[in-house]
Amino acid sequence: MTTRAITQGEVILEGIVKNYGTFRALKGIDLRIAPGEFFALLGPSGSGKSTTLRVIAGLEVPDAGRMLVDGTEMTFAPPGERNVAMVFQNYALYPHMTLEQNIGFPLKMDGVPKAEIAARVQDAARKVRIDHLLARRPGQLSGGQQQRTALARAIVREPRLFLLDEPLSNLDAQLRLETRIELKRLHASLGVTTIYVTHDQEEAMTIADRMAVFRDGEIMQIGAPAEVFGRPDTLDVAAFIGSPPMNLIPARIEGGEAHFPGWRLALPGAPAGDVVVGVRPGRIRLADDGLPGKLLLSENLGEAMLLNVDVDGTLVKLRLPDVSPIAEGTAVRLAFDGSDILLFDPETRRRLDWPEMESRP
Amino acid sequence: MSSGRAHADRRALAAGERRFAILLVAPALLVLLATTTVPIAFLIWNSFQTINLAMPFLDGFAGLANYRQMSGDPAFWHSLQLTAIYTGSTVVMQLVIGLGLALLVLQIPRGQWLFRIFAILPIVLAPVVVGLFWRTLMFAPNFGMIDFATRALGLGTVNWLGSPTPALVSVIVIHTWQWTPFAFLVLLASLASLPEDLYEAARLDRASAWRRFIHITLPLLRPAIVIVIIMRAMTALSAFAAIYAATGGGPGTATEILNLYAYRISFTQLDFGYGSALAVALLVLTLAVSGFLFRIRTAGSGP
Chain A
1 MTTRAITQGE
11 VILEGIVKNY
21 GTFRALKGID
31 LRIAPGEFFA
41 LLGPSGSGKS
51 TTLRVIAGLE
61 VPDAGRMLVD
71 GTEMTFAPPG
81 ERNVAMVFQN
91 YALYPHMTLE
101 QNIGFPLKMD
111 GVPKAEIAAR
121 VQDAARKVRI
131 DHLLARRPGQ
141 LSGGQQQRTA
151 LARAIVREPR
161 LFLLDEPLSN
171 LDAQLRLETR
181 IELKRLHASL
191 GVTTIYVTHD
201 QEEAMTIADR
211 MAVFRDGEIM
221 QIGAPAEVFG
231 RPDTLDVAAF
241 IGSPPMNLIP
251 ARIEGGEAHF
261 PGWRLALPGA
271 PAGDVVVGVR
281 PGRIRLADDG
291 LPGKLLLSEN
301 LGEAMLLNVD
311 VDGTLVKLRL
321 PDVSPIAEGT
331 AVRLAFDGSD
341 ILLFDPETRR
351 RLDWPEMESR
361 P
Chain E
1 MSSGRAHADR
11 RALAAGERRF
21 AILLVAPALL
31 VLLATTTVPI
41 AFLIWNSFQT
51 INLAMPFLDG
61 FAGLANYRQM
71 SGDPAFWHSL
81 QLTAIYTGST
91 VVMQLVIGLG
101 LALLVLQIPR
111 GQWLFRIFAI
121 LPIVLAPVVV
131 GLFWRTLMFA
141 PNFGMIDFAT
151 RALGLGTVNW
161 LGSPTPALVS
171 VIVIHTWQWT
181 PFAFLVLLAS
191 LASLPEDLYE
201 AARLDRASAW
211 RRFIHITLPL
221 LRPAIVIVII
231 MRAMTALSAF
241 AAIYAATGGG
251 PGTATEILNL
261 YAYRISFTQL
271 DFGYGSALAV
281 ALLVLTLAVS
291 GFLFRIRTAG
301 SGP
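Residue numbers (UniProt numbering), protein chains in the order written: chain A, 1 to 361; chain E, 1 to 303.
Since the hints were derived computationally from the structure, they do not count as laboratory data.
Since the structure is predicted, the reported quantities are computational estimates derived from the model, not experimental observations.
Treat the hints with care, since some could be wrong.
Reference listing, derived: stretches of chain E covered by chain A, where coverage requires no fewer than 3 residues with Cβ under 8 Å from a Cβ of chain A [unchecked claim]:
#1 134-141
#2 188-199
Sample of chain A residues at the chain E side, in silico, Cβ under 7 Å [what the hints assert, rightly or not]:
#3 L59
#4 M86
#5 F88
#6 A92
#7 F105
The beta-carbon is built from N, C-alpha and C at its ideal position, and this holds for glycine as well.
Required output: the full structure, derived from the provided sequences and hints.
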């Protein structure tokens, strides 16, 4: 969050529904985005995150629900009246205009005097370091430069909302990391509410103040990245967040112990019954006493080793800091601490909390 | 040693391939020469001759006499003027109407294919048929559909093809009717290929529908528009059959564009020398116009 006091750019969505024919793309989205926040909409493709962004932009009209920006109803306002700027996945630069004309286009449409346009275009271009390319056309630029141009066109008009639709997905891996940092820096210096659509959870985790996890047209969970990562509300979020995501192992709780096939783990106070145990790959270790399994595949990640272990028909992944090779097919035993796991109800798919678990650090 | 030999073999092989390629191309090339280049050369040669079947005793080499005659021939200048009016107005009308229709049809969510199919119909008709059909069904006084409409509206009857200015308007309408679908189809395809997100970006940039058209649609459509202008101008400059069938160049010479004038001089007055010179003038005009248009096209598509 930025330290500056930001008073505008609050977005509230209430019960937004959007249908495409018989397909219900959004099933009632409720969301409050605070002024100045960097907010990520995260989810797999087809989950409704882009549609939500387009509703906020005014490019789609919702079938139900309403949208407020800074307390004013904006549900049916045309895109141009919302004072929002958007960076499209394919940048949507005007191919027949120079960069200068591209960046200046929104100002020209606003009737800003020519001299002022030139100055503001220069300023915006300098902020994303493309001021030496202003005479070129988009076709003569690299993907990264086109992306910066789209950013410059967005910031030049000083909107109260930035909407970014998968802005990094067309960049190569190296550039994506650099641009990610730059976006964060740009957001910190401008302090404008930014809504960021991505399917890349690592991107959302590193860049966003808060995020909403989408699935099948619904929001599964809203929270700061650390919250969502540390305490996913549902099995679906748990299975989506983290790379690789949390291991989900079926077990049975009886008498304060989790019973796995061939192993027991003490869980004082845990509610009895069938559960799904969630544990992050980095929290599992090899041990003499533990969950028996067979190593299927070990992947050397350079500074760590990712082991794929078959545990009674469930694939369990664990990350070890030690990269010494282990032969595939070896029988191994996996152990983890009761304080490192989460429990989920297999019926409701929601997280199960119990007092002892709440009190842990 | 062996590499030198391999090199020689390769060269022999390449030469053999080249000979074979020439052999394969030769028949088509010869046919092309015989059917296009030779007649044009013959036409140009004729334009420097006096060839008049009515006065064969005067035949012989004329030098530039035919061209000197042309410069002082008011009928030639009149036909040139008509050609300019005819070409200019038909091309502009095809472009404007075609673009307007394409923009409208693009708004139709379903069934665009129906319009595409109907649009092809006038194009595939023979121009003679089009000319005859307009003359008899549409423009005929008292019986034609247009006269029917004007009389129903209380505007009285107009002898469309019988009086000079209405006749010129009529042949322009006929040509526009037949060829607007071409412009429509090309522009519709081009419009449909414009990326949607540009328009979304422009809407967010507060561009009104009119400014989106001026600042985005028109510039992006420019290559298609120039191609349409080039192709339609070529057709209009060499138009013949529809006018010939509808008015025969008349009344008087009111619709006698250069192509029809060259035809009349050659095949009615049987003055093949002067007729050839007129045809060469049309050829030069066509080449000049297309060359100019192509230069506009390449000038605009630069970086």
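- request: Check each numbered hint against the structure and report the violated ones by number, ascending.
  value: 1
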